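A.B. asks: Line order of the protein sequences matches chains G and U. Sequential numbering of the first sequence, starting at 5, is according to my numbering. Sequential numbering of the second sequence, starting at 159, is according to my numbering.
Just so you know, nobody snuck in bad clues.
Here are the computed distance ranges between Cβ atoms for each label pair:
1. U:A548 with G:S140: 22 to 30 Å
2. G:H172 with U:A557: 29 to 37 Å
3. U:P379 with G:D117: 29 to 37 Å
4. G:A120 with U:A398: 38 to 46 Å
5. G:H172 with U:M394: 54 to 62 Å
Derived by calculation from the structure, the hints in this document are not laboratory data. Since the structure is predicted, the reported quantities are computational estimates derived from the model, not experimental observations. All C-beta atoms in this analysis are idealised placements derived from N, C-alpha and C, irrespective of residue type, glycine included.
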Amino acid sequence: MASIDLTDVTLSFGGTRAVDRVSLSVPSGAFFSLLGPSGCGKTTLLRLIAGLERPEAGRIAMDGRVVAEGRSFVEPGERDLGMVFQSYALWPHMTVAANVAFGLEMRRIPAKDRVAEALAMVGLSHLADRRPHQLSGGQRQRVALARSLAVRPRLILLDEPLANLDAHLRQSMLAEFRRIHRQSGTTFVFVTHDQNEAMAISDLVAVMDAGRLQQVDSPQALFDRPASAMVARFVGAGRTVPVDVLGSRGGQCDLLLAGHRLSAPGDAPPGPGWLCLHARDLAIDPAGIPAEATGQRFENGMQMVHALLADAEVDIPSRAPVAPGAIRIGIAGGWVIAREGAPACHLSVASAQ
Amino acid sequence: MVIAEAWDSRATWRALENTLAASAGSVVISVVLGTGLALALGAFRMRGRVAMTFLALSPLLIPSQIMALAWIELAGALVPGPNPIYSGTGIALLMGVEHMPLVFIAVRAALKAIPADLIEAARIGGASQGAILRRVILPLCLPACGAGAALAFAAAVGNFGVPALLGIPGRFPMLTTLIYQRLNGFGPSILGQVAVLALLLVALAGAALALRALTLRLAVPVPQGRPFERPRASGMATAAVWTSLILLMVTPMLALMGTALSPALGVKLGLDTASLQNFAQVLDSATIRRAFVNSLLLSVAAAVISTVIALPFAWLSQVARNRAMRHLDWLADAPFVVPGTVLALAAIMTFLPPLPVLGISVYGTPAILLIAYLARFLPLALRPLSAAAASTEPALDEAARIFGAPIRARIARIFAPPVAAPALAGAVLIFMTAFNELTLSALLWSSGNETLGVMIFSLQYEGNSTGAAALSVLSLLLVAGLALALDSACRGREGILPWRD
Chain G
5 MASIDLTDVT LSFGGTRAVD RVSLSVPSGA FFSLLGPSGC GKTTLLRLIA GLERPEAGRI
65 AMDGRVVAEG RSFVEPGERD LGMVFQSYAL WPHMTVAANV AFGLEMRRIP AKDRVAEALA
125 MVGLSHLADR RPHQLSGGQR QRVALARSLA VRPRLILLDE PLANLDAHLR QSMLAEFRRI
185 HRQSGTTFVF VTHDQNEAMA ISDLVAVMDA GRLQQVDSPQ ALFDRPASAM VARFVGAGRT
245 VPVDVLGSRG GQCDLLLAGH RLSAPGDAPP GPGWLCLHAR DLAIDPAGIP AEATGQRFEN
305 GMQMVHALLA DAEVDIPSRA PVAPGAIRIG IAGGWVIARE GAPACHLSVA SAQ
Chain U
159 MVIAEAWDSR ATWRALENTL AASAGSVVIS VVLGTGLALA LGAFRMRGRV AMTFLALSPL
219 LIPSQIMALA WIELAGALVP GPNPIYSGTG IALLMGVEHM PLVFIAVRAA LKAIPADLIE
279 AARIGGASQG AILRRVILPL CLPACGAGAA LAFAAAVGNF GVPALLGIPG RFPMLTTLIY
339 QRLNGFGPSI LGQVAVLALL LVALAGAALA LRALTLRLAV PVPQGRPFER PRASGMATAA
399 VWTSLILLMV TPMLALMGTA LSPALGVKLG LDTASLQNFA QVLDSATIRR AFVNSLLLSV
459 AAAVISTVIA LPFAWLSQVA RNRAMRHLDW LADAPFVVPG TVLALAAIMT FLPPLPVLGI
519 SVYGTPAILL IAYLARFLPL ALRPLSAAAA STEPALDEAA RIFGAPIRAR IARIFAPPVA
579 APALAGAVLI FMTAFNELTL SALLWSSGNE TLGVMIFSLQ YEGNSTGAAA LSVLSLLLVA
639 GLALALDSAC RGREGILPWR D
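Start from the sequences, fold in the hints, and give me the full structure.
C.D. replies: Here you go:
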């Protein structure tokens with residue numbers, strides 16, 4: 005039930021900026037995900053929120069109270085938060101119950117009932133007297149979660165909690181997280197490199213790359229309206245095709261793609277752009293744009309045809325196999341953004357008009 | 159018959175009682191000192207940590223007879239009247255200090271293995287630094303502490319140098335000194351009776367090591383992870399550690415130096431009276447010079463041969479995963495279970511009769527000393543090598559096998575280069591330990607084959623304590639010089655020398 009506000013938070017390790025002037029707000033009670041490829045700084049950002057790292061610059065506030073800025077720093081134990089570590093970090097010399105009771109004892113709260121309640125919430129009441137090494141990975145995960153829940157924190161931080169679990173366990177733990185989030189009403193901040201996990205569970209997702217924040221949005225908006233090429237490619241196996249934006253009006257852009265004119269949603273200025281596409285936007289269509297099929301794979305009962313469209317790779321779903329060679333692709337949807345780093349004016353724009 | 163005789167003897171019972179009491183006392187001291195120092199140096203950041211660690215480990219480099227001499231001089235200088243160190247308490251104190259590094263090393267290794275997130279989880283739970291130490295760090299070190307204590311007990315039971323120098327004049331017989339005195343007094347004819355005492359020693363040490371194995375098996379497995387970040391120690395704590403290290407490790411050596419420099423026993427030492435005549439006298443003796451050379455040759459041979467044996471041995475047991483060799487690996491640890499006195503006895507019993515085929519006896523020759531040294535010190539070469547070998551990637555050797563490399567090439571070109579540094583460090587450690595060896599030498603030396611340890615012991619025994627001190631200082635300087643040379647060679651490379659971790 006805590007809101008978090010980060011303003012220009014920066015932290016470097018050995019010259020590289022792990023977190024680079026990140027500003028974001030996590031609304032109270034949200035299920036908030038930090039998503040990005042490994043090494044993008046998402047775990048460092050989580051550790052900054054936890055108070056396990058100190059920012060070099062910037063401000064971190066929780067519920068409007070500054071917890072880190074300049075010389076002022078609130079120790080992690082005083083931030084009223086829980087954390088589930090990637091390794092679970094269960095103390096091996098303590099029983100499950102003692103692990104869960106630890107935080108309560110530190111806060112001088114009578115532990116017995118709260119431990120029972122937290123273990124019941126994760127469905128592990130029968131294992132209270134076991135040691136961590138006697139538990140399976142999924143059970144350890146639940147103990148780690150119960151340990152965080154027992155102190156009823158304002159905020160729970162989860163650092164890649166599913167990374168060490170089997171694929172089928174992940175799905176059931178995700179459902180568990182969602183249920184417990186609803187039940188407890190606590191703010192959850194969830195770090196993951198797996199966009200499926202983040203998209204499936206979150207109210208809001210922040211996509212990071214190379215220490216910088218790329219976009220903070222709802223999963224639907226990230227999928228439909230990526231703010232950068234990185235986000236477009238990272239989310240939902242998206243593809244980006246180079247296009248020339250001729251003009252835009254009322255949320256639609258006129259484009260030139262491989263010499264063909266078409267219209268797609270977006271709000272990019274005239275000049276070089278990216279057309280961001282997902283498989284759902286594409287189909288084999290004799291009236292479409294010419295492309296070159298290079299191969300295919302079988303997935304979810306469909307053939308996914310690999311093709312080169314304007315020298316960019318795209319995947320097109322098809323019911324029937326397609327022979328390599330020339331094909332035509334119909335485009336319905338997509339999202340147009342400006343192409344960073346390219347010259348603002350492109351010759352072909354003038355020649356097309 | 160023989161067993162019943164020895165069993166009935168009151169002297170045996172007294173020695174057993176004394177051994178148990180002094181060893182138990184020494185373990186308490188070892189555990190308190192070793193755990194305290196390991197926590198101070200391993201859980202906090204302190205200025206001068208390498209120097210402190212070196213001092214904490216220095217009892218490993220200082221042979222027990224020299225340590226005993228130094229403390230005799232220190233206690234004699236501090237306390238007027240009869241020297242209180244010649245007692246069971248004195249023996250317990252000294253053995254406690256001497257075996258402290260065994261606990262220190264075990265606890266330090268356990269501390270280093272605690273993953274950071276266990277500490278961070280406690281911080282998030284709101285634990286203070288004190289609570290983290292009490293509730294997380296200490297309990298996780300407890301099994302290592304128990305294992306180190308068991309090792310310290312086994313070492314104390316088998317210790318000869320300290321009880322020989324303190325217990326014999328102090329009339330506090332222990333099992334090791336009783337064996338020595340019986341053999342010295344009656345000669346090999348009493349071997350049978352003495353063997354019973356030796357069995358008692360083995361049983362005690364064996365029990366301690368079984369306890370150690372049990373402790374390690376019952377300990378919960380600690381997950382792996384990056385090591386935790388250590389908070390800076392307060393100035394007070396740093397000062398306290400320095401003070402205790404200097405009091406326990408440096409002042410006795412200064413007292414020893416003082417005696418070595420004093421012109422005559424009982425003359426007050428001052429800048430004007432200090433003289434080097436004790437050193438001159440010691441070096442003037444042909445016997446002592448011969449002992450120097452003997453010890454030098456023996457220890458170099460022990461170091462070189464041990465390493466040469468250990469290299470293929472470690473390869474076979476760790477890389478080639480040879481089953482028979484893995485059992486032998488365990489067997490090579492036997493000298494830790496078998497106290498030196500017992501090993502010496504076994505050597506006498508085995509090699510007193512003439513060797514088959516050759517028809518000559520190695521008893522009374524330097525060969526018996528070398529054989530015993532090898533049996534004693536092989537583990538010192540094998541341990542670091544097996545550890546290094548166990549951590550090498552087996553695929554490296556398999557890749558060489560794919561190319562059809564013969565075993566010789568696989569050992570020499572794939573296995574040896576990365577483990578060369580720990581092997582060299584092990585060899586130098588063997589040299590330093592063997593150079594001042596006393597326990598084996600005391601029973602196996604013969605006229606013309608004296609060793610340095612025996613020389614120091616007999617000088618003190620004859621009452622020439624200034625001479626003994628001078629010779630001790632000389633041999634310590636040699637060992638310290640070697641340690642410093644090794645240290646500068648290993649600077650920047652961690653994990654090879656025990657004090658640079």
